[in-house]
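There are 4 protein chains.
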Amino acid sequence: MSNKKVLKYGMVGGGPGSFIGGVHRKAAKFDGEAKIVSGAFSRTYEKTLQTGNKLGLEEDRLYKNYKEMAKKEASRADGIDFVAIVVPNKFHYPVAKEFLNQGINVICDKPLTVTLDEAKELEELTRKNGLLFGVTYVYSGYPMVKQARELVQSGELGEIRVIQGEYPQEWLAEPVEKEGNKQAEWRTDPGLSGSANCVGDIGTHIENTVAYISNLKIESLAANLSIFGKGRELDDNAEMLVKFENGATGSFWCSQVAVGHDNGLKVRVYGTKGSLVWKQEDPNYLELSYLHKPKEILSRGRDELQPTAADAVRLPGGHPEGFYEAFSNIYANFTTALKDKKQGKKVDPDHYDYPDVSEGVQGVQFIETCLESSDQNSKWIDLN
Amino acid sequence: MSNKKVLKYGMVGGGPGSFIGGVHRKAAKFDGEAKIVSGAFSRTYEKTLQTGNKLGLEEDRLYKNYKEMAKKEASRADGIDFVAIVVPNKFHYPVAKEFLNQGINVICDKPLTVTLDEAKELEELTRKNGLLFGVTYVYSGYPMVKQARELVQSGELGEIRVIQGEYPQEWLAEPVEKEGNKQAEWRTDPGLSGSANCVGDIGTHIENTVAYISNLKIESLAANLSIFGKGRELDDNAEMLVKFENGATGSFWCSQVAVGHDNGLKVRVYGTKGSLVWKQEDPNYLELSYLHKPKEILSRGRDELQPTAADAVRLPGGHPEGFYEAFSNIYANFTTALKDKKQGKKVDPDHYDYPDVSEGVQGVQFIETCLESSDQNSKWIDLN
Amino acid sequence: MSNKKVLKYGMVGGGPGSFIGGVHRKAAKFDGEAKIVSGAFSRTYEKTLQTGNKLGLEEDRLYKNYKEMAKKEASRADGIDFVAIVVPNKFHYPVAKEFLNQGINVICDKPLTVTLDEAKELEELTRKNGLLFGVTYVYSGYPMVKQARELVQSGELGEIRVIQGEYPQEWLAEPVEKEGNKQAEWRTDPGLSGSANCVGDIGTHIENTVAYISNLKIESLAANLSIFGKGRELDDNAEMLVKFENGATGSFWCSQVAVGHDNGLKVRVYGTKGSLVWKQEDPNYLELSYLHKPKEILSRGRDELQPTAADAVRLPGGHPEGFYEAFSNIYANFTTALKDKKQGKKVDPDHYDYPDVSEGVQGVQFIETCLESSDQNSKWIDLN
Amino acid sequence: MSNKKVLKYGMVGGGPGSFIGGVHRKAAKFDGEAKIVSGAFSRTYEKTLQTGNKLGLEEDRLYKNYKEMAKKEASRADGIDFVAIVVPNKFHYPVAKEFLNQGINVICDKPLTVTLDEAKELEELTRKNGLLFGVTYVYSGYPMVKQARELVQSGELGEIRVIQGEYPQEWLAEPVEKEGNKQAEWRTDPGLSGSANCVGDIGTHIENTVAYISNLKIESLAANLSIFGKGRELDDNAEMLVKFENGATGSFWCSQVAVGHDNGLKVRVYGTKGSLVWKQEDPNYLELSYLHKPKEILSRGRDELQPTAADAVRLPGGHPEGFYEAFSNIYANFTTALKDKKQGKKVDPDHYDYPDVSEGVQGVQFIETCLESSDQNSKWIDLN
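Residue numbers (the working numbering), protein chains in the order written: chain A, 1 to 384; chain B, 1001 to 1384; chain C, 2001 to 2384; chain D, 3001 to 3384.
Treat the hints with caution; some may be incorrect.
Simulated crosslink set (DSBU-like; lysine-lysine; CA at most 35 Å straight-line) [stated by the list, open to error]:
| no. | chain 1 | residue 1 | chain 2 | residue 2 |
| --- | --- | --- | --- | --- |
| 1 | D | Lys3230 | C | Lys2217 |
| 2 | A | Lys273 | B | Lys1182 |
| 3 | D | Lys3279 | A | Lys182 |
| 4 | A | Lys379 | B | Lys1379 |
Calculated from the structure, these hints are not laboratory results. None of the values given here were measured: they were computed from a predicted structure.
When you get a sec, could you build the whole thing from the sequences and use the hints?
Shown next as C-alpha cells:
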C-alpha cells in the first residue's frame, strides 16, 4: 500500500511506564496499518512531550488532555482517523465518549468500561454516529484461534457439549501493589479498575476467546470470586460454572495468584465428534481430537488453514509468531474496515473479524454478572 | 519374604470380561504381596470355574456365591486373610458386609457404596470387628502423588489457596452402552451403578486424589451434573465449585464425553509460595513452581523424594512405571498393615498409607453432595 | 492358562544388589508366563540361599555355581525349561554355553557376549542343539515400538531416507564407580564389561531398536567413542555416522555423561511419505507425521494398532504402561515359542517376535564395529 | 530516540516473492532501529518500482541495479547508513564488495558467501575500510539463546563435554523445486546457492548457534552429505561428527527432507555440572539440568536473566515472542554499534552482540569443510 493510504491515529495513555501503549504502537505499524501522529500520553504534559518526542511526533499534536485532543484533531483537515485508548479501565468510558462525540473512530483496550450502562452508551453512540469502535481482545487475533473458530463453525466437532476455559497468572501472588509495581497498583485499585480486578482483566479474555471460538452465548453463570491478597478490595481469583445457550456446560477459572503461571489462557471445546485445545503460551499449534482418529497437532504455517486464519499468518511453519503479531492482526482488520469506510463502503463490523464495541458490551456484561452471582452466593444468573 | 508370610486372598467378581479384576490380581502378586487362593468370580458358577481354573486355584475354593465363600473361608484353618471385592458398585455393600460379618478383612474397589448410609455402616462394622478395609483409590499409589502430598504437608508451597482438579475421558462420547460395551452397560445402569455414573466413577477419584495430596477437607460444593448421551439416566459430565476448610477455593471437572481424553486425571495445587501439577497420564513427573525460581520438573527415580514416595519406586529414573505399579503400591501398604495386624500389632490405618474405609465414606459423601447440589440448582451444600 | 502349562525356569545371577535380576523375575511372572524354580544367584552360596529363600524356592534347587546348576537341572525330570542369565556381560558367554550344551533353552541379557566370535558360537550352538535363545532387548517389547515397526513395514512412511537414534543418560557424569555404585563399578571395568561400556550397554539398544523398527541392516558406520570420566578405561560417550543397506543415512548418539537425561532412548525414522518418533520415557505414544497432513499422536490403548502391537497392550488408553510390561512382553513371546516347541511344533524365532540370538550376534557386531572404527580415526567400516 | 537518530538504510533484493526481504524490513523498524529509504529490490526495474512504491520510497532512490545504488547513495549527503543484502547466496559477495568499496556499512543474510576466499576478502575489506558488517544469523537474537551463552560462559554447566545440534526441515521432501516453489528453485540451483544447499542454508545455522552459545571453536569435523531428492545436484541432508577445541565432541544433523519438521533447530550443550536445551520452535523457554537438582524450565520474561538476554526481551512472561523479535534484536545491536560509530566512538563488534563478518567467515569455512570431508569419504578435516 502507498503512504497515502496509511491511516493516521492518535493515542490517549501509553506514556512512560505503560506496557500496553507500546504494544498498540508496535501493532499499528507492524504491517504499516497505521501511523501515529498525535497523543495525550499522560496527565502530566511533560510526560506526553517526552513520549511524543521519542516517537518523533510534531509538538502541536501533543495535547494536554484528551478533551483538547479530541476537539483539535476533529477540527484538523489532516486529523486522526482513529484514536487508540490505553488508559486505566475506569477512564475508557469518558475518553471514548469524547472522541465518539467528535466523530472520531475508536480502538480501545478491554474491558470496554467498568459498568454495563457505560458500555451500552458507547455502543449506541458508535452506531448513532456511524463510527467504528474496536476493542483489543487480542487473543482472537491469533491465527490458530481463528482456525479454531472456523472448525467449530464448520461443524467438524459436532454439536458443542462442554467448554473449559482458564486463565491463570501468578503476578499478584505477592502484594506487589504495595511494592511499587505500577501495573499492580492500578489494577487492584477500585478507583481505577472498577469493581473487578481479576475477572475484569483476564476473566473477560476467557469469555471473549470462548465466544469467538464457539460462537455460543453464555446463558447463565454461577461465580465464586475470591480475594486472597491481604488488604485487597478486588478479586484476584475466580471460578465460574457456565451454561451456554445451546445446552453446553463448562467452567472458567481465572487467577492472578496461581504461582507458576505466566499468562496461561487455555480454551478447550468439546463436541459430539471432536475437540480442540488452544494454549496462548504455545499459540502456533492447535490440538485436535476426533473420535476414532489419532490426536492431531495443527501447525500454523505448515498445515492448511481456513482463509481467515491463513490470512493472519506471516511466517512459514516453525518460525514462531507471538503476541505482537496477534495484536497487529486486530489492528489490521480494524484498519481495513476503516479504510473501506473512508472509501464510502458500508462497513458491517461482523465482516471484518475484529472485536467490535458489541463484544466489548458483552464482556462488561460478563464481568457484571460474575460480580452479581458471587455476591449472591454463586447463584445462577442469566445474562439476558 | 518367605512363602509363609505371603497373604492369601479371595476375590468376589473379576470373572471373564472384567477389567479391574485382572488389575487387582496383578497388583496383588506384583511384589509377592498376596496370593489368590479362592474366588466367586461370577454369578454363573461355570464362569467362576473357568476363571479359577485359569488361575490354577483348587476347585473346593471356587464358590457359587459370595455368601457361601465368606462362610466357608471363615471356617477354614487356612482361610483367606482378606477378600478383594471387584463387583459393580451397587454390590460392594452387601458383599463387603458379609465378609466383615465373618471377620474377614476387605479390600474393595471404589466408590465404596452407592449410599452414604451403607458406607457408614461398613465403616462402623470394620471398626467394631477390628478389621482392615482398604478402598482402591489407585492414584494415591503413584510415587509422585505421594511426593506431592509430602510437599504440601511440609509447607513448601505455603498456605494452599486454590486447587483445580479434572478427570476427562472420552469413552462415553458415543452411546457405546447400546453397542455391547459391558463396562458402559453397567456404569450407565442405575441398577448397578447407583445414582451417579461419571461423578461416582471418576469424580470421586478427583476428590480422593485432591484430599490425599492437600490433606484438606472440602467444606462445601456447588455442582452441575449433566447428561449428554441421549437416553441416559445418569450423569456423564459434571463441573463443581469447591470450597475447602482452610478457605481455599477451586473447581473440579469430570467428564466421560470429552473427546480426545483417555484418562486425564490432573490435579493442580496452588499455595502462597509455590504450586504443583500432577498428571496421571504422565505420572512419573511432578511439575513444581516456586516464586522467584524457574519451574522444576521432578523425575521419579532421578530426583530425591521423601521416604513415603521413594519407598514406592521400583525402577531407576527414566524407566517408566505406570498404573499397575501404583495399584500394587496400594496392595503393598494394605498387606503390610494386615501382616502387622496378624502379628498382633495394633494397626492404625493412617500410618500405613493406603486408602481406608473412612476415605471410602468421604468419597461417597462427596458423590451424594454433588447429586444433592445439582438437584438444587447448584446450591452450595456443606459436607459436614 | 492352567498351572500345568506354566514354564519353569532358573536364573544365573540376580542376587542381592542386582537390578536386572528382579526385572526379569517380575517380567516372567507378569502374566504367568513362567515360574522360577531354581537359581545360582551369586558366586557366594550364602547369597544364593538368601535370594532363593526370599523367592520361596526349594533348597535343593539352589546351586553353588552355574555349572552344577546346568548339569543337575538337565538331569531332573522336572528340570527347568529355560535359564535366565543376568550376570555381567563378560560371563554371558560361558554361562550360556554351559546351558546350551546341557540342552537347556536360554534367555540372556544384552549384549549377548563381549566378542563377536563368542556370539557366533552361541548362535551356532543354539541352532545345532535345536534350542531357543532369547536376548532381552527390552525396547522391542513396547507396543508402540511394535506399531512403529508395522508402520514402516507396511510402507506407510514410504522409502526410508534418514534414521536418527539417541540414548543419553547422566548416571556416569560423575565418577560414581569410585563411590560405591555397584552398577557403575562393573560397567566401567573391562574385566566384567568387555571392551565397550557405553556402546555395549546402551549404544546396542539404539542399534537393536532401530533394526527392529526399520527392518534395515546397517551397511557401514563411522564412530567416535570418547572417555570423559577421568581414569576410565572404557567409553562413556559415542557418536556414529551410519549408512543403511537401502541408502538411508543417519547418526546415533549414546552417552552416560549427558546431565539431565535419565534413560532417553529416542528413535526417529524419516521416509519419503512420513516419519515417526518414539521416546522411551514417554512410551505409550507414537508421533507420526505425513506429508500434507497434521502431525498425529498415536495413543496406546486408544488408537487402533496393528495386531502385534495391540496384542502387547494390557490396559485401556491413558492408563500408563511402562518398562515392566515391555520386559514382560519379551518373556511372553519367548515363552509362547517355547511352549509351542515343547508341544512338538517347529519354531521359527522370526515368527514369535522376540529378540533371538541372531539379533544378539548383530548387536555384538555393531559394538565391535564401533570400537574398530573409532580406533581407526572414525573410518567407515562395513558390517558384513 | 528521536527521528534524527533513526538510521537510514537501503536494500538489495527483497522484491516481490521474496520471503527474507520482508523479514529484514520488519526487523529494521520493529523498535525504530532504522528506516528504509532506498532499494534495488529486483533485477527487473519495474519490480523494484513496485516494491519501492509499496514502501512509500522516493523514486529517485529506487535503482536499476546495485552498482548504481552503491555509487549514488555513497555520493548523497543524505545517503544510506547501511545496506541490507537479501539476494541469493551467490550474489552476496559482489553486492557486499561494491558497497564496502563505496564506504557503506553492510548487513547481509547468511551464508556470507559461497567460497571461503570471497568471505575472507569481504572481512578484510570491512576492516580495511573501517566499516561494520553484520550477518543475520538470526537465532543468536533470541533472548534465551543469549541466556544460554551467558550460562555456559559463567561456568555454571562446568566444562563442556558434548554438544548436539540439529536442524531438520521437511520442505524439500518432495521435488517442489520442479513445481514452482521459488525458494526451492534457487536453493537447489548451484548457480544461485553455491556448492551447498542444506548445509549452506541451515547447517550453518547449527554451527553459528552452537558457536554463539558455547564459545567453542570446532577443531575438526567428519561429514556425510546426502542427496535424496531425485535429480538434485546439491545436498538435502547431512550428518556430521564434530570435535571442539576443548576436547568436547558432538554430532550435527541438518535435513530438508525430514517429514514432520518445520524449522526444528535444536541445540543441546552438556557440561560436567549441567546441561541446556534450546528449541527454536519453542524459543521462549530454556531447559536446564544440573546434577542433583530437578530439571528447570527457564521462562523468558518470568525468570531472572542475564543482562544481555534481559535487554533483548520486550514482553512479560507468557506473552510469546518469536522470529521477528529475534531478527529485530540482531538489527538493534547492529544499529546501536553503527550509531556509536557515527558518533565517532571506536566500535569493536565483539562488544555489540551481533553476528559480525568474522562469524560469517567462520560459517563459510564450516560449509566448505563439510563439503571437503564428505567428498573424502567423511574423513576428519581440521578447520584451522
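Hints and how they fare:
Taking the CA atoms of lysine 3230 of chain D and lysine 2217 of chain C, the gap is near 23 Å; set against the 35 Å cutoff, the hint holds. A C-alpha spacing of about 22 Å is found between lysine 273 of chain A and lysine 1182 of chain B, which places the hinted pair at or below 35 Å, so the restraint holds. Distance hint between lysine 3279 of chain D and lysine 182 of chain A is fulfilled; the C-alpha atoms sit about 34 Å from each other, no more than 35 Å. Of the pairs offered as hints, the one joining lysine 379 of chain A and lysine 1379 of chain B holds, with about 7 Å between alpha carbons and a cut-off of 35 Å not exceeded.
In summary, the structure agrees with every hint in the numbered list given earlier.
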